[in-house]
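Protein chains in written order, with our numbering: chain A, 61 to 163; chain B, 107 to 370; chain C, -18 to 285.
Because the hints were derived from the structure by calculation, they are not lab data.
Backbone N, C-alpha and C define an ideal beta-carbon position, used for all residues, glycine too.
Accuracy of the hints is not assured; some may be wrong.
To be verified - A partial selection of chain B residues facing chain C, derived with a Cβ cut-off under 8 Å:
(1) V110
(2) A115
(3) F116
(4) A117
(5) P126
(6) G130
(7) N135
(8) G136
(9) Q141
(10) R142
(11) Y146
(12) T172
(13) V191
(14) A193
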Amino acid sequence: MHQNDTTRHASAAALALALGAALNFAAAPAIAADAAKEKCYGVAMKGKNDCKAGAGTSCAGSSTKDYQGNAWTYVPAGTCEKTASPTSPTGMGQLKEFKEKKA
Amino acid sequence: MSGVADNAAFAAALLDPGRPAPPGLVSWNGSDPAQRFAVYRNNVTTSLIDALSETFPVVRQLVGATFFRAMAREFVRRSPPRSPVLAWYGDLFADFVAAFPPAAGLPYLADMARLEYARVLAFHAADVAPAAVADVAACLAEPVILPSLRLHLQPSLRLIDSPFAIVSLWGAHQGVGDLATIDPLQPECALVLRHGLSLAVMTVPPAAGRFIAALQSGAALGDAVREASTEDAPFDPTPALGLLIAHDLLVGVGQSPGQQGEQP
Amino acid sequence: MGDVGKPRPAFATARCGEASLPAAAGLGLKPEHFGDVLETKPALGFFEIHAENYMVPGGPFHHYLGRIRSDHALSIHGVGLSIGGEAPLDEVHLDRLAALIDRYQPESFSEHLAWSSHAGTFYNDLLPAPFNAATLRRVCEHIDRVQSRLRRRMLLENPATYVEFAASDRDEATFIGEVVACTGCGLLLDLNNAYVSCTNHGRDVHAYLRALPLAAVGEIHLAGFAREVDSLAAPLLIDSHGAPVAEAVWALYEEALRLIGPVATLLERDNDLPAFPVLLAEALQAGRRLDARRALHPLRAQAA
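Input sequences plus hints: build the corresponding full structure.
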């Protein structure tokens, strides 16, 4: 990190130009779009704590399916099927049924 | 195991469906206490899966609700919350997804989880007033101090440098762009921030990502430019600085200690 | 610690002039409804939040809550303190709670007669404990700690439960009466929980209501439940907060108002959230019953 004065002054001048331009630049709203591909969206996050109870018939709590115990029978089946995925045999983001061997 | 439904016995049976209901439970009419206990078991598991589902909506859409809920159930059993503040639940989910064999065919899934968790962090991050433009402009009066200047950034700012096109994939789930035309293997550096009350997700060039990450970790301006130049030389910081200023991400400017001025 | 007979600090009894919720209808505040509330400034007595949702540094939740709080009375309702748990209270969580209360200065703070954390894990459910001397001692110690840390009186909510314990040696209403007597805390009377628990355990809800320390009631909760059955096909009601208030619970509300007089009443809805005007209309049904009762209780109404 040891610099001679020339380098330091050169980089100081370059930084002054950059910061000065950025300040002008930021005053014009269109410019940020040049710096980045921006996507702004409204926010609809919810609170995640509450004091309700779920309905009792759901089997989520008592299901014994376990991907380590060879009982895993789910495959991804959402929008991933519409994306290209070179690692899957079909070329799409889908998997065959997964069976893990005991290590 | 003791014959009493103490907290430990009750808790152990909540997340392990292989265990019987805890001992010591009774019902007024002689009905099966285990079936009644299942209400708690289901509520714990379902409510935590629901919380993850709220935090990771695009991961859920990518794999579908059935796969997501099953994957989340495995995560809940392995890594139940350590804090009652459920906004932060799921901080370990991306690492779990990365090591989850059934999801191995979707290598971008873990980074998508990182992106979605970064949005939660940005959403709830502390409110800090942006630096006054005049304060930033004042630094121009003495260019010699600029290389050692430190720029303090909003705590909402998060960077995820991914080998996958996580921003494009995420955007396609918000109705921007066509999923079918995205190559998931294109690297993207994601910037997540809150501007006022709104979240923004954007890509920045890799060198700009290095520059911003260096500033975030406390590097002086000159060092941050040098760091970015290792990615893409010569690095021009103008667009990145413009981006930071335009989004009110600069919250303060300060001199680095010991690099300029009189030494004590 | 834990000596049930020891003198209680002064804050543990309701003080004259202490801030309290108005004897009017209120609604649980949901982020989905921030905009509706700010735009319409509904004629409600108060809003209630779940404390843990606001234990975040900043952002839109605090922005909107701050604005709404400046127009309305506020109740902060905790769901994660685990007052009924065997372990000592989580002091870090209590600090977060104290900071939130300090920031928003709510008219009321309440928590549950339940536990939700054990050995460092948070289960996100209101879990039951046996009603006996050991639980009583712990609950009283925990409430003493909460009230001294927050320097205010808290309300304790009666639980909705699905199982009972062989280790219980007294009934729930007696237990709650002992807690109130020993800590000076108030009672958040959740009538849906009362109805759900009494149905689930074959108790007479009217007798249960009369056995509670009704003079300590500082707030009433109303909500909807879901219907299931146990293994013998007897009703097993679930405190789902996902449906309108049942007729039987409205009737219980009328009965409670006859016994207590008008008191702040919250309509809770956490599941299958309808549009704001629908919830508001349901809360105003409680408001009309309060108005009718106020006309019959002029003295209590003046005091409120």
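Comparing the hints with the structure gives:
1. For V110 (chain B), the interface hint holds, the least distance from its beta-carbon to any beta-carbon of chain C being 6 Å, beneath 8 Å.
2. Taking 8 Å as the C-beta contact cut-off toward chain C, the hint placing A115 (chain B) at the interface is violated, the least distance being around 10 Å.
3. The beta carbon of F116 (chain B) comes within 6 Å of a beta carbon in chain C, closer than 8 Å, and the hint placing it at the interface holds.
4. Given the 8 Å rule on beta carbons, the hint for A117 (chain B) holds: about 4 Å separates it from the nearest Cβ of chain C.
5. For P126 (chain B), the interface hint is violated, the least distance from its beta-carbon to any beta-carbon of chain C being 14 Å, above 8 Å.
6. The interface hint given for G130 (chain B) is met, as the beta carbon of that residue sits about 5 Å from the closest beta carbon of chain C, less than 8 Å.
7. Hint on N135 (chain B) holds. Least Cβ distance to chain C is approximately 5 Å, under the 8 Å limit.
8. Taking 8 Å as the C-beta contact cut-off toward chain C, the hint placing G136 (chain B) at the interface holds, the least distance being around 7 Å.
9. Among the interface hints, the one on Q141 (chain B) holds; its C-beta lies about 5 Å from the nearest C-beta in chain C, closer than the 8 Å criterion.
10. Using the Cβ-Cβ criterion of 8 Å, the hint placing R142 (chain B) at the interface with chain C is satisfied: the shortest such distance is roughly 5 Å.
11. Restraint check, Y146 (chain B) versus chain C: the minimum CB separation of about 6 Å is within 8 Å; hint holds.
12. This hint is violated: T172 (chain B) has a C-beta 21 Å from the nearest C-beta of chain C, more than the 8 Å allowed.
13. The beta carbon of V191 (chain B) comes within 5 Å of a beta carbon in chain C, closer than 8 Å, and the hint placing it at the interface holds.
14. Evaluation of the A193 (chain B) hint against chain C yields a held restraint, the C-beta minimum of about 5 Å falling below 8 Å.
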